[in-house]
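Number of protein chains: 2
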Amino acid sequence: MSLIVIGSLAFDTIETPYGRRERIIGGSCTYFSLAASFFTQPKIVGVVGKDFPVEMISLLENRGIDVQGLKIASGKTFHWEGHYGNDPNQRSTIRTELNVFKDFRPQLPPDYQTADLVFLANIDPDLQEDILFQVKKPKLVAMDTMNLWIQSKPQPLLKVLAKVDIFFANEEEIRMLTEEPNLIKAGKMILSKGPILVVIKKGEHGALVLGKDFIFVVLAHPCEEVIDPTGAGDSFAGGFMGYLDKVKSFKESEIRKAAVFGSVLASFTIEDFGMERLKSLSFKEIEKRYLQFKKLVSF
Amino acid sequence: MSLIVIGSLAFDTIETPYGRRERIIGGSCTYFSLAASFFTQPKIVGVVGKDFPVEMISLLENRGIDVQGLKIASGKTFHWEGHYGNDPNQRSTIRTELNVFKDFRPQLPPDYQTADLVFLANIDPDLQEDILFQVKKPKLVAMDTMNLWIQSKPQPLLKVLAKVDIFFANEEEIRMLTEEPNLIKAGKMILSKGPILVVIKKGEHGALVLGKDFIFVVLAHPCEEVIDPTGAGDSFAGGFMGYLDKVKSFKESEIRKAAVFGSVLASFTIEDFGMERLKSLSFKEIEKRYLQFKKLVSF
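Quick note, the sequences are listed as chains A and B, same order.
Numbered according to the numbering used here, the first sequence spans residues 10 to 308.
Numbered according to the numbering used here, the second sequence spans residues 10 to 308.
Hints may be right or wrong, so weigh each one.
It does not matter which identical chain is used: a pair holds within one copy or between any two.
Claimed, not checked - Pairs of lysine-lysine residues, derived as DSSO-like cross-links and limited to a Cα-Cα distance of at most 27 Å, are as follows: (1) K260 / K304; (2) K304 / K194; (3) K297 / K194; (4) K221 / K297; (5) K197 / K297; (6) K304 / K255; (7) K145 / K297; (8) K293 / K162; (9) K297 / K255; (10) K304 / K197; (11) K266 / K297; (12) K303 / K221; (13) K111 / K304; (14) K146 / K59; (15) K255 / K211; (16) K303 / K260; (17) K303 / K211; (18) K293 / K266; (19) K304 / K266; (20) K211 / K266; (21) K111 / K293; (22) K221 / K260; (23) K197 / K211.
Since the hints were derived computationally from the structure, they do not count as laboratory data.
With the rest of the complex left out, here is chain A:
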């Protein structure tokens, strides 16, 4: 099968209790595609400015990622600045400079239009809809979002939500969107709006996967040092969707495994700043941690 992802490629300035990094590579599309590349060869859709390092694009290509849909525009790359305190689940956005992302209206290359799996990372819901419209007959569509869009564009967001199969959100986002504090109830409300699956990411507490007739709970890897939580959610989705693309099946038993692989990928991402850990990661390490997850919950 084939998997496309639309999302951001970015410069991130990040401060955590473990240090500060200025303008390192980040972005939802970057984290997602690197994580997914351990299972399949994702195709990315995004835009960067002339200031984006060519080596990073080469790195993506070397990992088998299709960059045909990556536009290099004149102007500056998207820049996000965020701080984390002692609770890695809480972050404050200091600055968001959309730059080249502001006027980004992508046209999908022809062989992207026949993709089987689509991941609409956290971007403007109008842009998510626009992309989805260009894919002919996707078998499985997933989306992510963030509080910014829930507050500023609830109607366009709900329009996209009704068309997707999987909705990824964190605890705070799903509570905000549904105005329901109980996560199971909130998840069921989302299921009634279209999706067949809701994945509620809970940071250090793992994730809840709610289907129409099952619930699966996946852990976060117990971790002593969360160096940089940025990209954990996108890595989760990347591992999840990448695995499904690889196994070409969406049955419950594969969904469960996909969620564990998602959590495994996220657990590596937070071990270092930015992409560093994903860049050095091997599939052997992923498999080893997958087995550790089994042990962690077995009784």
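Assemble the complex: chain A is given as a structure, and chain B must be docked to it using the hints.
Just chain B, lined up with the frame of chain A:
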């Protein structure tokens, strides 16, 4: 084997988003012993006033609970009032009237002094130490505590901590005690002070069980309606310790099962106000939910 518990028997006035109850039966000893009574015949140590309903004591006896160590003193029973908002993990104490608990200095009945398992529920650490001193050769001692004692009596608390095998605490308490935000690190700090096991209760996110050489993660049952979170922690400990007393083994595989039974018992407690759900509960229901827990995490 035999299991004793010292803790409170109380009147609780509770307000949650699901309603308000005035002066219903509560207390750590009550929840713990009822939960443990599904596995073994716990012996309780506590004090109530003349106003405590005789039917409740009969109910405990009918469940096989040994009430020899329960003193009926002249005066009023301990009274606690607490409120919960939408987040069941957050509670505010409105009032605490110690009443007969104030001058409670129990002498253990002779056949309590040879107990194998001891649970020191959340009471004054000086009282915990006093009781522990009266037990001749316990095989396994566990304790719980709360922020009140961490703040007001840190030294006596650490003295008891050094003598116990299992430390039960919730997230907030362990962070407060260790001044370490990361739960794994905080747990390891506790392990270095004496205990061989730390159980960190995380409410709706389940619990972390840290041993010297293993970590086990146990879920909370995904629950749409937390009617009343009071007693969840004590029910967890009751299921946990009751199961260990029953199987007469403290090896890792049994610890894991004990933690799941603890979480199962807690999950029933919160389904109704006070003791109501525990009173109507059957062992068949406990077994059924235990198997659901297996399914929830299997992949």
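Now the hints, each set against the structure:
When the C-alpha separation of K260 and K304 is checked against a cutoff of 27 Å, the pair qualifies both within a copy, at 23 Å, and between copies, at 16 Å. Taking the shortest alpha-carbon separations for K304 and K194, only the inter-copy value of 20 Å comes in at or below 27 Å, while the best intra-copy value is 29 Å. Taking the shortest Cα distances, K297 and K194 sit within 27 Å of each other only across copies (22 Å), while inside one copy they are farther apart (34 Å). Taking identical chains as interchangeable, the C-alpha atoms of K221 and K297 lie at most 27 Å apart only when they sit on different chains, with a minimum of 21 Å there against 31 Å within one chain.
Taking the shortest Cα distances, K197 and K297 sit within 27 Å of each other only across copies (23 Å), while inside one copy they are farther apart (33 Å). Taking the shortest Cα distances, K304 and K255 sit within 27 Å of each other both inside one copy (24 Å) and across copies (24 Å). Taking identical chains as interchangeable, the C-alpha atoms of K145 and K297 are never at most 27 Å apart, the minima being 38 Å within one chain and 46 Å between chains. In this assembly of identical chains, the alpha carbons of K293 and K162 never lie at most 27 Å apart, being 42 Å within a copy and 49 Å across copies at closest.
For the homomeric pair K297 and K255, the shortest alpha-carbon distance inside one copy (19 Å) is at most 27 Å, but the shortest distance between copies (35 Å) is not. For the homomeric pair K304 and K197, the shortest alpha-carbon distance between copies (19 Å) is at most 27 Å, but the shortest distance inside one copy (30 Å) is not. Taking the shortest Cα distances, K266 and K297 sit within 27 Å of each other both inside one copy (14 Å) and across copies (24 Å). Within a single copy, K303 and K221 get their C-alpha atoms as close as 24 Å, and across copies as close as 19 Å, so both meet the 27 Å cut-off.
Proximity of K111 and K304 under a CA criterion of 27 Å is satisfied in neither setting, with 46 Å inside one chain copy and 46 Å between copies. Taking the closest pair of Cα atoms, K146 and K59 never come within 27 Å of each other, the shortest separation being 34 Å inside a single copy and 74 Å across copies. Proximity of K255 to K211 under the C-alpha cut-off of 27 Å is restricted to the intra-copy arrangement: shortest distance 25 Å within a copy versus 35 Å between copies. In this homomeric assembly, K303 and K260 come within 27 Å of each other (Cα to Cα) both inside a single copy, at 20 Å, and across copies, at 19 Å.
For the homomeric pair K303 and K211, the shortest alpha-carbon distances inside one copy (19 Å) and between copies (20 Å) are both at most 27 Å. For a Cα distance limit of 27 Å, the shortest separation of K293 from K266 inside one copy, 16 Å, qualifies, whereas the shortest one across copies, 30 Å, does not. Within a single copy, K304 and K266 get their C-alpha atoms as close as 14 Å, and across copies as close as 13 Å, so both meet the 27 Å cut-off. With identical chains, the CA atoms of K211 and K266 are at most 27 Å apart both within one copy (18 Å) and between copies (25 Å).
Taking the closest pair of Cα atoms, K111 and K293 never come within 27 Å of each other, the shortest separation being 39 Å inside a single copy and 59 Å across copies. Within a single copy, K221 and K260 get their C-alpha atoms as close as 12 Å, which meets the 27 Å cut-off; across copies the closest is 38 Å, which misses it. Taking the shortest Cα distances, K197 and K211 sit within 27 Å of each other both inside one copy (17 Å) and across copies (23 Å).
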